[in-house]
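**Student:** These protein sequence lines map, in sequence, to chains S and U. Under our numbering, the first residue of the first sequence carries the number 1, and numbering increases by one thereafter. Under our numbering, the first residue of the second sequence carries the number 1, and numbering increases by one thereafter.
Just so you know, these hints were derived from the structure itself, not from any lab. Quick caveat, the model's predicted, so the values are computed rather than measured. Warning: the hint list may mix true and false statements.
Simulated pairs of lysine-lysine, DSSO-like, Cα-Cα distance not exceeding 30 Å [stated by the list, open to error]:
| # | chain 1 | residue 1 | chain 2 | residue 2 |
| --- | --- | --- | --- | --- |
| 1 | U | K208 | U | K234 |
| 2 | U | K52 | S | K105 |
| 3 | U | K36 | S | K13 |
| 4 | S | K13 | U | K234 |
Here is what each chain is made of, one letter per residue.
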Amino acid sequence: MTANYWESSQALKWKLTKEELEENRKEDLKYMTEREYWHLNYYCCNVAFKIGRSMQLRQKIIATALTYFRRFYSRNSFRGSEPLLVLTTCIYVATKIEEYPLHIKNVVDEAKNAVGETLFKFDCANVAEFEFYLMEEMDFYLIVHHSYRTLVKLMSDLKLPISSIQQAWWVTNDVYRTDIPLLYPPHIIAIAVIFLVSVLIPDANKYKDKIKEWFIGLNVDMTEIVEISQEIINFYELWTDFNEKNIYGIFKKLRVSSSYNDNNNTTKAHNEKKKK
Amino acid sequence: MDRTYHNKKDALRLKIEDKYKVQGFINSGTYGEVYKAHSLKTNKEFAIKVFKLDKGGDYSSSAFSQSACREITITREINHENIVHLEEVIIEPKERKIAIVFDYSEYDLLQILHSHGLAHPNRIPMHEFIMKSILYQLLNGLAYLHANWILHRDLKPANILIMKDGTVKIGDLGLARFFQEPIQPLINGDKVVVTIWYRAPELLLGAKHYTKAVDMWAIGCIFAELIITKPLFKGEEAKMENKKQIPFQRDQLKKIFEILGVPTKQQWNDIDHLPESKNLKGFGDYKNTFESYMKQNAPTWNSKSGFDLLTRMLIYDPKRRITAEEALDHPYFKEEPLPVMK
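Same shape as in the complex, but just chain U (with noise of 0.2 Å):
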C-alpha cells in the first residue's frame, strides 16, 4: 500500500498535549473520559472528551462508534449560544485515539440542584429568577435542534452545563439524532434511550418512534425539578433480564401516574395503540394531584403562568404536548421576573 498521504498527514498532526494541558480528570462514563484542560496558546478552559477505543487492541473494527460520530457530526455542524460549543476534534490513529474539545463549564445542573437540595435537610428554593432563566435558555436551545431537526434524546440535569457567566448549555449530543426521513426506525440500533426518570411515557409504554415531544416530557421533568429540588419522578429502573426482551417500567410509570392520574382515552387518543397498554390494567386508580404536590413540596412557589406552562409539558398524549417553539411563546416568560440569557 502507497504510505505517502498516511505519512505527509502524520508529520503534521498535533497531539493533545502539544495543544493542552490537561488539569484534572472530571467524570467518566460508557464512552470514555472527560478531563479539565487548558490551551497553551490561549491559556482559555476546555473539556476535553476522550474516547475509550471500541474493542481495544482490534485493529480491524471501527474506533468511531454511532454515538461518536452523531456527537462529532452534530455538534460540529451547529452553532447556538444555548448548545455546547465543539472547538476541535483532536485524532491520533496510531493509538486510535478520538478526542473532542468542548467549552469548559463551571458546572452542571446537577450540581446546582443538588447544593439547593439534597446538600440541605429543609430545601432551599431556586430564585424564580434563576429557574426560568435556565428553562427559557434550556428551550431556547431545544427549539433551535428542532428545527434543525435534532432530537437530543438525552435530556437530564447532569447534561445541561451551566458556563461561568450563568450562560445553559445543552450538552452531551451523544445520543442526539437527526429525524428528518430517517432510513430506518428511529428505535433500531439503540432500544433504550433517556435516563429512566426523564423518560415519557410514550416510551415507557413501548412506542417505536421518537417525537420531538420526547425531549418535552424530560424538560417539564427538569422545570419541576427546579422547582422542587428533587425529581419529579423518581422511578426504579427494572432491568434487562435477558437481551431479547425489553423489560416493562412499571415502577416508573406509578410513579408518573401517583401524581398525574392515570390516563384516560379521552386524555391520549391513541393510548390503546401502544405496544405495552395491556399492562395499564394493573395498575388501580391513581387521580391528578399534581397541584396539591407542587404545594407541598414548594410551598413558596405560586407562579400561576409557570404551573400552566408545566402541566403542558407534562401532557400525556404526545402530539398534544407544548412544542419548545410554543413554550418559549407562553405567558410565564412575559411576566416579571424576565427571564435573561445569562
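Next comes chain S alone, as it looks inside the complex (with noise of 0.2 Å):
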C-alpha cells in the first residue's frame, strides 16, 4: 500500500528492532569502536548530501537513498562491503523510484567529485552491477515514506516561528544518519522533531503552553517520542567529535578480500592528501 503506512512494505516487511541492529552490528565491532562505526556511517551520509546538493535533488531523493543504506546496513556489516559503492548505488536506485532519473554515469561522476579517487575506485560498470545486489538486499520493497510533509503540514497547524521550521526540517535530515527511520514510523519521527526543537526555541515560553496543549492532543504514545528525542541527542554527541580526516583509518579496517592488497597505496594517497 502506498497511501496508508501501516500497510506499507515499511511497515510491514522493513520495520527493525534495536536488537536486530544491534545484533547485526557486532560483527563490524569486533574492528571497530561504535564511534568509528558511527563516524564511517556519517561520513557516507556526508557525500549523500553532498552528491544531493551539487546534483539538486530533491531531499527526498538522499532521504530515500540514505533508509536504503540504513537497510543494507541493518543486514551486512561494512566490513566486507564497500560503503561508497553501497551509497553511489543507494542515490542512483532512489533517483529511479522518487521518479527523477538520472544517468548512471552523472552520479557516478558526482560521487567521485565528492568522495575523491583516493577512496572512490568505481565506476559505472561497478554500479550498473551493484544495483542487483542493492535491489535483492532490499527484497524488491522500494517504496519509502518520509516525515518531511507530515512535518511541515503539523509545524504550520502549530504556527511556530519560522527559525523553528527550518531547525526541524534539519534536524530531520540528520534523522536519516541514525537508525531511527528503520525504527519508528515517520509521523512519529515528525512529532519527535518538534518536540525536540520546540525545547530550543528562543523565547520558548511564549509557546509553553500552546506545545503542552497540543501534545496532549495528539493522542500519541509519549515514551516513544521520548525515546527517539534521546537517540537524536545521541546522535548530536557523536557528531560533536567527528572529523573527516579520521575516514581513511577507518575504511582501512573494512579489508577482508585477499585480493585487495593497495594497502599502501591508500596510505601514501592519505600522506599525499595531508600534505595538501
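Combine the two chains into a complex, taking the hints into account.
**Tutor:** What follows is the structure, encoded as C-alpha cells:
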C-alpha cells in the first residue's frame, strides 16, 4: 500500500528492532569502536548530502537513498563490503524510484567528485552490477515513506516561528544519519522532531502552553517520542568529534578480500592529501 | 574492490531453473519475454516475465529500465485481489537477467472477446452477468490503484487477466506510475502512453498531465467492447515521422467524434486550452449517435443503467468523467444480475 503507512512494506517488512540492529552490528564492532562505526556512517551520509546539493536533488531522494543505505547495513557489515559503492548505488536507485531518473554516469561522476579518487575507485559498471545486489538486499521493496510532509503540515498547524521550521527540517535530515527511520513510523518521527525543536525555541515560554496542549491533543505514546528525542541527542553527541580526516583509518579496517592489496596506495594517498 | 559481499550473495542465490520448471513461451514484447512455468516445490503455475537485457552487453549501463523499476516497485508494494500478484523477483547479476514471477492467468480479456467476437461471423453477445462481474472487478482494482495514487496508463483487454476461478486481475503495470507530488510533470520521459484505441481525448489533444480520468476513459472503451464484442473506437494510429514531433492522431479522434459527436465548449470547458485544439476545426459536424450505435451493434443489450454508466465513463471533460470509486456505487451494479467477485 502506498497511501497508508500501516499497510506499507516499510511497516510490514522493513520495521526493525533495536535488538536486530545491535546483533548485526557485532561483526563490525570486532574491528572498530562503536564511535568509529558511526563516524564511517556519518561520512557516507555527508557524501550523500554533498551529491544531493551538487546535483540539486530533492531532499526526499537523499532521504530515500539513506534509508536504503541503513537498511543495507541492518543486514550486512561494513567490513567486507564497499560502503561508497553501496551508497552511490542507493542514490542512483533512489532517483529512479522517486521518478527523477538520472544517467548512471552523472551519479558516478558526482560521487567521485564528492569523495575524491583516493577512496572512490568505482565506475559505472560496478554500480550497474551492484544495483542487482542492492535491489535483492531490499527484497525489492523500494517505496519509502518520509516524515517531511507530516512535519511541514504539523508545524504549520502549530504556527511555530519560521526559524523553528527550518531547524526541524535540518534535524529531520540528520535523522537519516541514524537508525531511527528503520525503527519508528515517519509521523512519530516528525512529532519527536517537533518535540525536540520546541524545547529549543528562543522564547520557549511564549509557546509553552500551546505546545503542551497540542501534545496532549495528539494522543501519541509519549515514551516513544522521548525515546526518539534521546536518540537524536545521542547522535549529536557522537557527531561532536566527527572528523573526516579520520575516515581513511576506519576504511582500512573494512578489508577482508585478499585480492584487495593496495594497502600502501591508500596510505600513500592519505599522506599526500595531508600534505595538501 | 572488496568482493566479499558479492561472493557471499552469489553463493546463496538460486536461479530461475532451481525453483521453476519452464513449460512454454507465452508472449513477448519490447520489454522481454513471458514464459509459463510451475514451481518445483508446490507445482503451482506461474507466469515469468524475463526482461530483455538493456543495451545487450553494455555492462556500464543499468539493467533495470525505469519501466522495470516501476513495475517491480508498484506490484511489490500493493496487495489486492483484482491486481496481478507478484510472487517474487529473481535476478542473475552475471547474466544481467531480471525475472518477475507473477500469478499465472488462464486467459486475458482479449482472448475472451475474440472467442465472442471475431472468431464468430455473427458475434455472440456476452452474458450480462459475466460482463458486469468483469467490469465490477476491474473498477474495484482500479479504485484501489487510484486510492494509492497510482495511474495504470495502459488499460486494454490484453492487460486484463482472467484467472482459472474467474477472478479478474489488472496486469502489466509497466507503464503505471505515482501521481502524487511528482517531481517532474508526468508527461516527461514517456511521451506516448496508452494503446491508441483506448486513449482518452485529452491525451489525443495533447494534454500534458495524466489524471485518473485517463484510466476511466479506457475502462469505458473496454466496457463498450464487452457489450459489442469489438473495439469501440478502432482508429488508425498516426506513426511518428520524426522524433521531435508527436503526430496528431486525427483518425482516432474522428472515430470517437463519429459516435460521440464533436465536443462543444459547453461539454468541455477547458477544451480550447489544449495544445491541439486548433485541429478541431477540420472535423466537420458530427452528432452524438451513441445510443443508436449501441442499439445497432448490440440489439439484445438493453440495460438502461448500464448505458448511463457507460456514457459517464466516456464524458469528454476529464473533470466531469466518473471516477472508479463513483462507478462502483452506480445503480448498474445494484440491479440484477448482481456482479460477483469471481
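**Student:** All hints, please: hold or fail.
**Tutor:** Here is what the structure says about each hint:
1. With a CA separation close to 24 Å, the supplied pair K208 of chain U and K234 of chain U stays within the 30 Å bound.
2. The hinted pair formed by K52 of chain U and K105 of chain S meets the criterion: a straight-line CA distance of about 21 Å does not exceed 30 Å.
3. Distance check on the hinted pair: K36 of chain U and K13 of chain S sit about 29 Å apart at the alpha-carbon level, within 30 Å; holds.
4. At roughly 45 Å between alpha-carbon atoms, K13 of chain S and K234 of chain U are farther apart than 30 Å, so this suggested pair is violated.
Of the numbered hints given earlier, the model fails hint 4 alone.
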